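*Asks:* Here are the chains, one letter per residue:
2 protein chains.
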Amino acid sequence: MRILLCNDDGIDAPGLEALAREIKKIGDVTIVAPEHEQSAKGHAITISDPLRAKEFYKDLEFFGWAISGTPADCVKIAISAIMEEKPDLIISGINQGSNTGINIIYSGTVSAATEGRINNVPSFAVSLTSYNYKDFGPAARFAARFAKKYLSLNVPEAVFLNVNVPALSEGEIKGVKVTRQGKANYEEIFHRRFDPRGRAYFWMDGERVAEEDDPNIDEQAVRAGYISITPIHYDLTHYPTLEEFIRHPEDLI
Amino acid sequence: MRILLCNDDGIDAPGLEALAREIKKIGDVTIVAPEHEQSAKGHAITISDPLRAKEFYKDLEFFGWAISGTPADCVKIAISAIMEEKPDLIISGINQGSNTGINIIYSGTVSAATEGRINNVPSFAVSLTSYNYKDFGPAARFAARFAKKYLSLNVPEAVFLNVNVPALSEGEIKGVKVTRQGKANYEEIFHRRFDPRGRAYFWMDGERVAEEDDPNIDEQAVRAGYISITPIHYDLTHYPTLEEFIRHPEDLI
Chain L
0 MRILLCNDDG IDAPGLEALA REIKKIGDVT IVAPEHEQSA KGHAITISDP LRAKEFYKDL
60 EFFGWAISGT PADCVKIAIS AIMEEKPDLI ISGINQGSNT GINIIYSGTV SAATEGRINN
120 VPSFAVSLTS YNYKDFGPAA RFAARFAKKY LSLNVPEAVF LNVNVPALSE GEIKGVKVTR
180 QGKANYEEIF HRRFDPRGRA YFWMDGERVA EEDDPNIDEQ AVRAGYISIT PIHYDLTHYP
240 TLEEFIRHPE DLI
Chain C
0 MRILLCNDDG IDAPGLEALA REIKKIGDVT IVAPEHEQSA KGHAITISDP LRAKEFYKDL
60 EFFGWAISGT PADCVKIAIS AIMEEKPDLI ISGINQGSNT GINIIYSGTV SAATEGRINN
120 VPSFAVSLTS YNYKDFGPAA RFAARFAKKY LSLNVPEAVF LNVNVPALSE GEIKGVKVTR
180 QGKANYEEIF HRRFDPRGRA YFWMDGERVA EEDDPNIDEQ AVRAGYISIT PIHYDLTHYP
240 TLEEFIRHPE DLI
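So the protein lines, in turn, are chains L and C.
Under numbering that gives the first Met the number 0, the letters of the first sequence match residues 0 to 252, in that order.
Under numbering that gives the first Met the number 0, the letters of the second sequence match residues 0 to 252, in that order.
Be aware that one or more of the hints could be misleading.
As the list claims (entries may be wrong) - Residues of chain L clear of chain C, computed beta-carbon distances all greater than 10 Å:
(1) K23
(2) K40
(3) F55
(4) K182
(5) R198
Claimed, not checked - Derived DSS-like pairs (lysine-lysine); straight-line CA-CA distance at most 30 Å:
(6) L:K85 - C:K182
(7) C:K148 - L:K182
(8) C:K173 - C:K147
(9) L:K182 - C:K182
Treat the hints as calculated values from the structure; they're not laboratory data.
These numbers were taken from a predicted model, which means no experiment stands behind them.
All C-beta atoms in this analysis are idealised placements derived from N, C-alpha and C, irrespective of residue type, glycine included.
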């Protein structure tokens, strides 16, 4: 099995290395990841600048390709210019920090999996739901186990998976839960400061708004100690509204 | 009506100016747009750098705020730090170039409308479906007419609209069509070149893959001369797969 790994924390991130170690046990791994951290880059792609692809070494051994672009760029260039054959599977991660609720639309980690699916490659994103916890082992081992099953799962065309693993040891993880994307959001605050030349600038900050109280959403599942798996897709059409508009076209014009 | 305008082509783009002229006739307009072009920035936000907000003048008159960030940043900072009251409506555009099919997930124009809707503000994106055609008048006048109706349209919470206007004169536009997001995509090619120091770099290029032959998709509607309106949302959950997984949890573990 040819497996492409990508992430948004950058090619030197420990989450990617932990993932690579486990995935190398089950397949032929190619790593193509951003040279620099690309968190919150959403589904950005680089169209007005050229891209560079540099060989990246770890412990004096070739580890993968470091791309001067976004996670979506990495998947595009991997498939179109780096890999000789299309991968059988793309795994994006392991992200340091959860990708749940509305956050997934900002997520570079998820966007690499989206880009894989757009290119007709089965894909999933994996995130570890803590910004501090450094044991990527349980998430990496789950990703490897899940990768072996993934191709037999019958995930429909244009659908891919968003996996969040709680920051717990394997013994503490309660199991797997299939979830929907929650509506959790951040209430933004902009801190206004002044630079040494007296000019204002803003820092974005935010507080997570209270969650829906539903055990079947991504964020609640990981808080309860489960690995959350959310099937997602990139057809943004809201069909109920589409049908409503078609029934009442006079409202629109 | 307080209306916030944003775009992704940058605050000095003619599409934004054409839109502003028409919208000022029907409401109280605030313009908060990126200082520099942000095409294809998807739903990127700026979390690791501070943001600047500069006053931007046109013809020696204050035009709006130029933000050193992405379209989504602009909407966040407009609502949280610039506007005294939340806007009643957000319009993003007029983009130079269509936002149809899979392209909408890369679109900064659409992401500003997404961000508006996340902040509970009715929002729509408007694009002119040509990279060359410079008459934004028909699209701007349609946006103004549509803005007046929008609040009475009963668009559900978390749903917003993606509008594409064909590059035609008003007399040539055939009407309005409600559409779904197509699956049109680009087949990428990376051109490999060498810089003056002999190092390789890549330019992304692509060809649009043949469209589905369905008059009810966004791209086909504009090609046929209609204004396309697609209701979209940001819940990426694919519910049929979710239900299938819930019926067969043993497959996942």
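*Asks:* Determine which of the earlier numbered hints do not hold for this structure and return their numbers in increasing order.
*Replies:* 2, 4 and 5
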